[in-house]
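K.L.:
If you read the sequences in order, they're chains E and G.
So that you can map any letter, position 141 of the first sequence is 141 in our numbering, and since no number is skipped, the others follow by simple counting.
So that you can map any letter, position 205 of the second sequence is 205 in our numbering, and since no number is skipped, the others follow by simple counting.
Bear in mind the hints are in silico, worked out from the structure with no lab data behind them.
C-beta: ideal position from N, C-alpha, C; glycine also.
There may be inaccurate statements among the hints.
To spell it out: a stretch of chain E is covered by chain G in this simulated footprint if at least three of its residues, at any positions, have a beta carbon under 8 angstroms from a beta carbon of chain G; those stretches are [unchecked claim]:
id, region
1, 14–27
2, 92–104
Looking from chain G toward chain E, a few residues come up when the C-beta cut is under 8 angstroms (computed) [what the hints assert, rightly or not]:
id, residue
3, L54
4, A71
5, A74
6, F303
7, A304
8, L305
9, L306
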Amino acid sequence: MSTFLVLLRKELLEQWRTMRLPSFLVVFFFVGVLSPATARYLPRLLEALGGAAFAAAFPAPTIQDAYAQLAKNVGQLGTLVVIVISMAAVSSERERGTLAFLFSKPVARGSFLAAKLAGLGATLLLGTLLAGAVAYLYTALLFAPPTWGFVLLCLASFLTLLVFAAITLAASAITGSAVAAGGTGIVALLVFGMLSILPAVGPYAPTGALARATEIMSGASPETLLGPLVAQVGIVAVAFAVSLAAFSRQEF
Amino acid sequence: MTALAIECRGLAKAYGPVRALRGLDLTVPAGSIFGLLGPNGAGKTTLLRLLVGLRRPTSGSALVDGAPVSAATARSLGYLDQDPRFYPWMTGLELLRLAGALYGLEGAALASGVDRAVAVAGLAEFARRRIAGYSGGMRQRLGIAQAIVHDPPILLLDEPVSSLDPEGRHDVLAALAKLRGTTTVVVSTHILNDVERICDRVGMLDHGVLVVESEKDALLARYATASYEVAVAGADDASVESLAARIRARPWVTGVARSGALLRITTSGAANASVELLGLLAEARCPVERVERVRPSLEDVFFALLQRPGAAAPS
Chain E
1 MSTFLVLLRK
11 ELLEQWRTMR
21 LPSFLVVFFF
31 VGVLSPATAR
41 YLPRLLEALG
51 GAAFAAAFPA
61 PTIQDAYAQL
71 AKNVGQLGTL
81 VVIVISMAAV
91 SSERERGTLA
101 FLFSKPVARG
111 SFLAAKLAGL
121 GATLLLGTLL
131 AGAVAYLYTA
141 LLFAPPTWGF
151 VLLCLASFLT
161 LLVFAAITLA
171 ASAITGSAVA
181 AGGTGIVALL
191 VFGMLSILPA
201 VGPYAPTGAL
211 ARATEIMSGA
221 SPETLLGPLV
231 AQVGIVAVAF
241 AVSLAAFSRQ
251 EF
Chain G
1 MTALAIECRG
11 LAKAYGPVRA
21 LRGLDLTVPA
31 GSIFGLLGPN
41 GAGKTTLLRL
51 LVGLRRPTSG
61 SALVDGAPVS
71 AATARSLGYL
81 DQDPRFYPWM
91 TGLELLRLAG
101 ALYGLEGAAL
111 ASGVDRAVAV
121 AGLAEFARRR
131 IAGYSGGMRQ
141 RLGIAQAIVH
151 DPPILLLDEP
161 VSSLDPEGRH
171 DVLAALAKLR
181 GTTTVVVSTH
191 ILNDVERICD
201 RVGMLDHGVL
211 VVESEKDALL
221 ARYATASYEV
231 AVAGADDASV
241 ESLAARIRAR
251 PWVTGVARSG
261 ALLRITTSGA
271 ANASVELLGL
281 LAEARCPVER
291 VERVRPSLED
301 VFFALLQRPG
311 AAAPS
């Protein structure tokens with residue numbers, strides 16, 4: 001078995017034993033449940049609280065609201081959770097002293113970081129699949145069965161989360177501090193949030209790509225999503241390359 | 001395996017203004033058990049970390065089994081850190097399987113490597129427990145086991161028995177002694193008795209400089225001085241001190257160290273001492289329990305070479 005696979009197995013076992021994977025799945029289960037439910041019942045809830053005058057301010061909920069709510073929850077709550085589970089990925093190993101255990105063996109720095117990213121990616125993929133499946137079911141129950149474009153929305157959600165995992169992981173490897181890594185992830189979230197409102201680059205920012213995916217659910221051409229998805233993969237690749245370059249120079 | 005397991009040439013490492021190693025030239029013959037001695041901050045841990053590739057030299061070179069230090073040479077090495085840290089959520093067995101797999105072991109080879117390492121390190125009793133509950137001694141045993149799981153030709157052990165109880169220390173040292181001739185073992189330690197017991201070669205570092213590197217027996221012979229121990233019986237403090245002063249005054253005495261009623265005397269030669277020492281004691285009318293000529297220990301050599309106050313400090 002290659003070093004990468006040995007380390008990936010260790011990453012997945014660690015995420016399971018330290019409850020990071022179960023916690024992430026619980027959060028994403030609720031993201032899947034609450035997104036369509038919020039879109040369906042929030043106007044009614046506000047109407048009940050505010051009376052008939054309030055009701056007029058809210059149009060009747062549509063299936064598009066459910067998609068938009070899912071994209072919003074993934075882009076905000078989801079990314080914050082991803083930043084939290086990624087921020088100590090490398091720095092905790094440095095603080096615990098386990099990097100000396102690993103790198104005294106024939107372990108390449110690239111294999112180590114790739115296994116970290118792949119481990120986080122696997123967790124995000126499971127979370128996205130769970131949230132997607134649950135959201136699909138509740139959307140079908142509360143509105144109507146989503147079209148095939150829903151798969152693209154899930155793909156965009158996964159890549160958005162992976163971008164923040166890669167950036168936070170890179171900061172964790174470069175700075176060796178969980179706090180600095182978490183801060184970097186938050187700053188990236190804010191910067192990308194600002195970029196996403198710019199017409200030229202907005203769709204290529206992670207949350208912009210999510211917005212573009214929801215537009216496809218309203219009938220926009222799926223081809224418009226290709227560029228933003230490739231951009232997300234590019235951001236992940238750049239974050240990985242930068243972290244590898246810096247991490248390879250470090251001593252333990 | 002080449003004739004030299006380890007070869008350092010002009011190896012230097014600086015941490016900012018601190019020069020941890022200063023142009024170290026060191027060779028370790030294959031199959032030997034090499035004791036690396038030195039006070040705190042001498043550069044022992046830095047040297048081992050450079051050899052295993054955890055740190056990079058500022059200048060100079062290090063060869064492991066004839067090849068420059070790299071990920072490939074790490075395959076030939078087993079390394080125990082001074083303060084071994086592992087994943088607390090794993091069991092000891094899981095960690096050993098991980099270590100073995102990282103060295104490329106699979107299937108039956110991995111299983112037998114893990115079994116052998118568990119047996120040698122005396123881990124059987126707690127190998128299935130989570131590491132989070134391990135004591136310092138258990139972690140050290142696990143550290144030794146993970147270093148030998150792939151049966152490496154070269155073992156680098158940084159303070160391998162510092163956290164072990166006497167029984168554990170005895171077991172581990174006996175296991176290391178059995179490796180003589182088949183595995184090159186470099187042991188960094190403060191415990192000179194352990195080095196004296198198992199090592200056949202010794203290197204002493206001080207402030208990043210190799211003070212001496214030699215076969216242990218040759219080193220002891222080279223620095224052998226005639227030393228005597230005198231145990232004074234039933235005398236008061238002043239009388240013992242007065243006796244020590246009388247002995248110190250003799251020209252053939254190079255040092256007298258006192259520990260309670262025990263005097264350790266080093267001399268420039270046995271000829272005068274063997275004739276005059278008993279006369280001196282009789283003259284002082286000091287009741288003596290025992291007079292013995294003692295073999296110099298590695299500790300004496302250590303203190304002499306590093307010019308630290310020790311068992312036989314200069315008078």
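K.L.:
Against chain E, is L54 (chain G) within 8 angstroms by beta-carbon distance?
P.N.:
Holds. Min distance 5 angstroms.
K.L.:
If you take the shortest Cβ to Cβ gap from L305 (chain G) to chain E, is it below 8 angstroms?
P.N.:
violated (30 angstroms)
K.L.:
When the nearest CB of chain E is found for A71 (chain G), is that gap smaller than 8 angstroms?
P.N.:
holds (5 angstroms)
K.L.:
Against chain G, does the region 14–27 of chain E show at least 3 residues with beta-carbon separation below 8 angstroms?
P.N.:
Holds, because 3 residues of the region 14–27 of chain E bring their Cβ atoms closer than 8 angstroms to Cβ atoms of chain G.
K.L.:
Classify the hint on L306 (chain G) as holds or violated, based on whether any CB of chain E lies nearer than 8 angstroms to its CB.
P.N.:
Constraint on L306 (chain G) not satisfied, violated at 28 angstroms.
K.L.:
Interface hint check: F303 (chain G), Cβ to nearest Cβ on chain E, cutoff 8 angstroms. Holds or violated?
P.N.:
violated (32 angstroms)
K.L.:
Counting residues of the region 92–104 of chain E with a beta carbon closer than 8 angstroms to any beta carbon of chain G, are there 3 or more?
P.N.:
holds (count 8)
K.L.:
If you take the shortest Cβ to Cβ gap from A74 (chain G) to chain E, is it below 8 angstroms?
P.N.:
holds (4 angstroms)
K.L.:
Any CB of chain E closer than 8 angstroms to the CB of A304 (chain G)?
P.N.:
With a minimum Cβ separation of about 34 angstroms from chain E (threshold 8 angstroms), the hint on A304 (chain G) is violated.
Violation of the numbered hints given earlier is confined to hints 6, 7, 8, 9; the remaining hints are satisfied by the structure.
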